[in-house]
Structure formats: structure tokens, C-alpha cells
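Chemist: If you read the sequences in order, they're chains A and B.
All residue numbers for the first sequence refer to my numbering, where the first residue is 1 and numbers rise by one.
All residue numbers for the second sequence refer to my numbering, where the first residue is 1001 and numbers rise by one.
It cannot be assumed that every hint is accurate.
Computed list of lysine to aspartate or glutamate pairs in DMTMM-like fashion (alpha-carbon distance at most 20 Å, straight line) [to be verified]: (1) B:K1110 / A:D210; (2) B:K1110 / A:E196; (3) B:K1110 / B:D1085; (4) B:K1255 / B:E1223; (5) B:K1255 / B:D1226; (6) A:K35 / A:D295; (7) B:K1255 / B:D1217; (8) B:K1110 / A:D190; (9) B:K1255 / B:D1244.
Hints listed in this document are in silico derivations from the structure and should not be mistaken for laboratory results.
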Amino acid sequence: MSDADVPTEIEPVDGIEGVDDPDTGHARTTTVRRKMSPFEIFLVVFGVLLVATAIFGSFLPLPDPTQQSLRERLQPPVGFGGGWDHPLGTDALGRDMLSLLVAGTRLTVLIAALSVLVGATVGCGLGLIAGFRRGWVDAVITRLTEAQMALPFLLLAIAIITNRGRSITTLVIVLSIVGWTQYVRIVRADTMAIRERPFIQGLRIGGASDTRIVLRHILPNVAGTIVALATLEVGTMILAESALSFLGLGVVSPDISWGGLLADGRDNLRDAWWVVTLPGLAIVVVVLYVNLAGDALRSRYDLRKRDH
Amino acid sequence: MTTPLLEIEGLRVEARSEFETIRAVDDVDLRLDRGRVAGLIGESGSGKTTLVRSVIGLHQRNVSITGGRITLDGTVIYDHADGTDRQASVRGSRIGTVFQQPRGSLNPLKRVGAQLTEVLRTHCGDLDKQAIGQRARDTLARMDLDAERVMRSYPHQLSGGMCQRAAVAIAVATEPELLIADEATSALDVTSQASLVELLRELVSERSMSMLFVTHDVLLAAELCDELVVLRSGVAVERGATADLLADPQHDYTKNLIAAVPRWDVAPEEEPAT
Chain A
1 MSDADVPTEI EPVDGIEGVD DPDTGHARTT TVRRKMSPFE IFLVVFGVLL
51 VATAIFGSFL PLPDPTQQSL RERLQPPVGF GGGWDHPLGT DALGRDMLSL
101 LVAGTRLTVL IAALSVLVGA TVGCGLGLIA GFRRGWVDAV ITRLTEAQMA
151 LPFLLLAIAI ITNRGRSITT LVIVLSIVGW TQYVRIVRAD TMAIRERPFI
201 QGLRIGGASD TRIVLRHILP NVAGTIVALA TLEVGTMILA ESALSFLGLG
251 VVSPDISWGG LLADGRDNLR DAWWVVTLPG LAIVVVVLYV NLAGDALRSR
301 YDLRKRDH
Chain B
1001 MTTPLLEIEG LRVEARSEFE TIRAVDDVDL RLDRGRVAGL IGESGSGKTT
1051 LVRSVIGLHQ RNVSITGGRI TLDGTVIYDH ADGTDRQASV RGSRIGTVFQ
1101 QPRGSLNPLK RVGAQLTEVL RTHCGDLDKQ AIGQRARDTL ARMDLDAERV
1151 MRSYPHQLSG GMCQRAAVAI AVATEPELLI ADEATSALDV TSQASLVELL
1201 RELVSERSMS MLFVTHDVLL AAELCDELVV LRSGVAVERG ATADLLADPQ
1251 HDYTKNLIAA VPRWDVAPEE EPAT
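The shape of chain B in the complex, shown without the other chains:
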């Protein structure tokens, strides 16, 4: 068996509030091989975002990991038992991240080019100024964007879809091995969404990159992911290859999720009970 790119074992994350402590992620395992796309699906509040934030080690103040181990390509980057914490050294360089809000992901006061080259300068110190500029333009061009124009633009001068492509460009410019897309397509209209999904799929196969795709949209997950993990209240209730899981869901929650997908070709039935 080959070493998986990302392996999460027994991850537990707790969120404290003034009144109670909630177990946001409860003993979740996840295994992602190189070049594969894993989908993390579940409704709002199921712990999807908390889980992926644990991988990059960026939490809200009141959230902390209380157990488990995270391994990236055979190297332990986090181990609660012995206190290993190397997440800061891998984020950005080996793990790229794209968030939900297209415009919010970019600094509104800086040109896209400046933001892209800033990331490159931080992580690719061996490149000279010209090479960095070239890499930035190449990456934007790969996103099917007019590189010269986007480099010079401020985020508000671009459409939501273009902003999100620029955000993807920033995430993948450093050629990470793992891309985390946290609801990356959720704020876009369907056409932009479809073309972004297509782009992500191409990037994954071109760069033999792996992707952790977080979404509440079962249809999108079905289209993009090789395997799925269904999260509910921080617990992985079901997992498996996408086709198998969708064709034959075992857990009631998964069945409900699939049944909740709106369909335009059949008359609406009674709402499934949740």
C-alpha cells in the first residue's frame, strides 16, 4: 500500500463557548491518496470547515484540537499525543486553500498581481523578480484569465467568478501537493460554478495534486470527487467511493442528504423527514 498524501487519524476538535464545550469534530479518520479528490459533505455546522482548518492549523480562538494525528506524505505534521505541530511550515507551500467568498478572499485595496506575487515571494525565495512575475502571469493564464489585465486589477473590478479564479491562482501558484477548497464554489452562480469545477478537476490531474473538497452540495461532490466522507455533528457517518455511496447510501442521514437535492425533472414530493 502506498503512503497516502494526507492521513487524518482519530481527529478530535472542541469548540468552547461561554456556556458549553461542543465536540465539533469527533474521532474522524480520513485518507487521501495522491491525485485523488475527496469530498467532505454535510450540512452547515457539521464540522466540515473545522476539520479542514485543523489540517492547516488555523482555528478560531475558541477552537482547539484535543486529539488525533495528521500526516502529510508520511511526515507527521500534527500529533496531539507527543505535541508535534508543524502545520505552519506546510501551509501555503505544500497545502493551498481556497475559501468561499470570492471577493473576501482578496485584499480589496491591493492589485491582484501584488497579492499573487507576495505569496510567491514568501514561498519561492529562490526565484528572482522577473521569474516571480512570469510565474504569476502563467498561473493566471492557466485559470483562463486575461493575465495582464487581472494582474493590474483591483478585486472590485473583477466579477465574482474571476475573483475566485484569482484566489485559486494564489492558492496553487506555489504548486502545493494538497488543495483545500472550502465551499470554494458555493458563492458563485451555476455557470461560473461549473467552469470552476472543471478547472479544479483539470488542475488536479495536471499537477498530480490532491484535493479536499468541502461542500454542502451533493451534486457538485458527485461530479468532482473520487470518494466522499459524510459528516454529521462532527462524526463521519459514512464514507466510500462516490458512485457506490450515492447509489447505495447506508446511513439515514446520507439518504436524507441525497433526497434533499432539488430535482427539476420530477414533480416535487413531500419533504423527506430529517
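Chain A with its partners taken away, still in its complex shape:
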């Protein structure tokens, strides 16, 4: 500190109200809820459309996605030699690609969302307990996590799916088992850091119960990280579901998912690119969207300025 900052007398300090005076504008008054930017509006609209497609897709005036017509098989999309009867072309069984994509949205989004939800709930719960309790509880949970991570995903998926049979429930269980370990590790680390912060000490001094400290004070402080991780995981889950379906371990016909479509199309990759490319594109766009939306959510609702 330079000499100029040192007051020669202590007394006038009371007069220097400006230091803490809210009306002088010295204190920062960032508004917490600002207006949405055009990009954020776009993200919201896209999200609504995606969910609406997943829920109400079957009411759209489109051909039945299960209706096969071998005479119309492998027709290219409009602009590549195809007609308006099937704007995005048809697959090897003559099913309308647009209808298939719309119908696939439901299962893809549902499976990804459910497995992220289950994985996040289990993982965050264990992470909070491990990080807050420390000691042997932490050791047990951490070892469990490590044991889980040491198991190869595909081997585990094959074991569970062959054992339980292919179903959507099994798929969600398998995907959640893949996901939960990430949450444990990250939430545990965050919890351990936050529990040492003075305000948690203050709450203990104030007599708050452990449950209250964890749920009301630590959880909101790690929520930003959880949302960030969960959005990344939605992408991972969609890709993992696609991978499993591609290997024939995922969604069973006549249920339709994008990964399943991708898998079905691989035989015709040489002469009908659209059968693989369109579901692939859909996956890329949604994964990208979820990541961007997660970013936007975090920057909008993370109040921490990280200046302490």
C-alpha cells in the first residue's frame, strides 16, 4: 500500500461514507436477471421445439414411420434426385426418413434425459456424502467409484443386456451406471472445497444441521458444476445409446432411436448416404445444442463472481 492511502487521522473515516455507501455507486449492483439475448431466445425456442417434437411428433401429418414400401426403398432426399413424397428420402425398407427421425426423437431424448437424471441423482448424492463426511465413508465411496470406472463400459453393457434382455429400462440402467462415477468425483471435490469455506464454518457455529448445510448451502454451490457436467453427459448418453444400438444392444425394432437408425443404415452407406448421415446429423445438432444450452444456463444463473 502506498503512503498516499494511509489516512493521517483515523477520525474522518466516519465521514467517508462513500466507501460503503450503496448510493454512491461504489458497490457493484449487477442485476441478477438480465434480458435474454437473441442467442438465448434461439436456444429456448430450439429446446421447446425439440421437446415438442419428442412429445407430439406422432401427431404431425407425416407418413407412418413403420410403414414399409419396398418399391420406394432408398429414395434420395429432395435436391438429390428424390421427390416431395419423401422430402428426406427413404431407408432400405422404404420407410420415410423424416417420419423416422421425428419418431426417433422421442426415445433418444427420453433415454438420454432419464439416464442423465438417474446417474446425476445417484452420483451427486454419493459425491456430496463423500465430500462432506470424509473419513471411511469417503474411502468406501471413492473405491466403489474407481472400481466402477475400471470396468470397460461395453463389456458391462453386454453383460447386463444379455442378462436382462433388451429393453428401454435396461438401457437406461446401463447408461446411468456409466454416468454416475463422473458426478461422484466432481461433486466430491467441489464439496470438499466448499465445506472448508468460512461460511460453512459460520453455519456450523450458527447451529445448522448437517443435512441443512449440505442440501441448502453446499448443493446450490455445486449446482453450476452439476449442470455443466449433466449437459456434457446428455451428449455422451446420446452417443452411448447410439453406440449400443449400432452394436445391436440398444433399442429394439419397431422402437426407433437415432442410434438405431444409424445402425440400420450402415449396410447401405456406399449407395445411400442419407440413411446414415441424417440421423448422425440429428445427433450432432442435439449434442451441440445441449452443450451450448448448458453453457448459457450456467453463465446466466451462476451468481458467483469467483473473486474470493
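Assemble chain B onto chain A, guided by the hints.
Modeler: Structure of chain B alone, referenced to chain A:
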């Protein structure tokens, strides 16, 4: 002789690490009367914080009390010999605490008002919602803060000095008999520091509260405290009334501490040997 508000007798605290066990507080006695301010001074690592944490019973995991007795207003709250441990029942309600980091002392995601009323709800169960809100606003107003605005603010919307005042408000809202200020002013600039010290002094005399003021700043201690205890490596090397102790320090360590205070009115001399 009246009963002291806080009496610490023969307190010993040990900190274990992987390789060794350090005696962080070694046989320290302390006596604090009602309405008085005791300063605990010493350099970093001298055991000041460990000592006050022992009073409220909140330690790091590797730290434990290995001997001594703590009495609050005649009631034994901790006695190592017979295993008495009533610290949890007095912290918050009878002992308030303010920490060093102004912003770190508040949850960054909750409005200051919510944090203040949460403490009041825990300890003043007999008050209804309106009374709690009123008490919260009154306490903030007493801290020379714009109560309505601060209640609605998140910590990052306030300056460091305002945050620390809000933290003091949370510590004293339950009207504790003892306030522990652990380096409470150290992270503030000099002007905020001076006004906070003034505020603490007023609170002590208004509420006939006692205060344990932990600091490494001899000047601040001199200004605020009635008596001082000098800690070095966990041992109380010197104690006495502030004026006497500063005017005539006996122990070499105390002399060095006082000599180390920077002075702007004299030319810098050679660094005193430590």
C-alpha cells in the same frame, strides 16, 4: 472477585500431521471479564486461530484438544479431565464468531437477508416471522448498513466492508455474550478497518458483550483491546493490560512484535532481529 465470562485454564491443543504431532496451543490460560475486550496477538502460526476454535469446538480434522478446561459464565463447557463437552450448545447462541474473509463468510448464492434470518430462526425459535425480519433489519441498520437493500443483496453485490458488517450482524443478531473476531478486520482496507473497529467497540459497550479479538496487527489491538495476550508457538509468552504491555514489554518476542510495526513518521531503521 466476579465470575469471568470466559475462563480458559491450561488449554492444550495438538495438531497431527502425517509425520509429526505439533502442540499448537500449549498450556494457555485466559480470563475475560464481562464487557471487556481481550486481544490475542502473535504472528501467523502462533496458535491464535487454533485457540479460539477450541473455544467454539470447531477444529480441523487433524486437531484435537488434549487438556484443559473452558468455562463460560461459570458453566464448564469443556473439560478434558471429565469429558464435558457442551460447546455445540453455546456456539451461535452465546458465542458469535466473525472470520477474516468478508465475502467467504457469506454464502455467495443466498441473499444476505436469508442468511441472517436463518441464524435467527435456529436460535430464536420463540420469535415469529415478522419479529425475525424486524430483528434482522434492526441489526443491519445498527451496522450502519442500508438494511432494506442489504437484506435483498447477494454478497457479490456488496463491498468487502459491507460484507464484513453483514457478517458481524449475523454473529451478533442472536445477542451473544461473547464475540470472537478472528482477524475480522485483516482483509479490509484501512478506512473500512477503522470504521469496523469503531463499530465493534460500540457494540461491546452497548450490549455489555465481551470480545476476543484475534489479530496480528499490534496497532489495531492497541486501539481496541483492554488487555493483551501474546502468543508464540502456542505458548502465552506475555499478558497484561494493553497500555502497560505496549509501554513496557518484558519478553523479547513482544518487543520484536512492537518494533516490527511500520511507522510512517520515522525513517526506516535496520530490521530488528527476530
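Chemist: Confirm or reject each hint.
Modeler: Here is how each hint holds up against the structure:
| no. | hint | verdict |
| --- | --- | --- |
| 1 | B:K1110 / A:D210 | holds (18 Å) |
| 2 | B:K1110 / A:E196 | holds (18 Å) |
| 3 | B:K1110 / B:D1085 | violated (32 Å) |
| 4 | B:K1255 / B:E1223 | holds (18 Å) |
| 5 | B:K1255 / B:D1226 | holds (19 Å) |
| 6 | A:K35 / A:D295 | holds (17 Å) |
| 7 | B:K1255 / B:D1217 | holds (14 Å) |
| 8 | B:K1110 / A:D190 | holds (18 Å) |
| 9 | B:K1255 / B:D1244 | holds (13 Å) |
Hint check: a violation occurs at hint 3 only; the rest are consistent with the structure.
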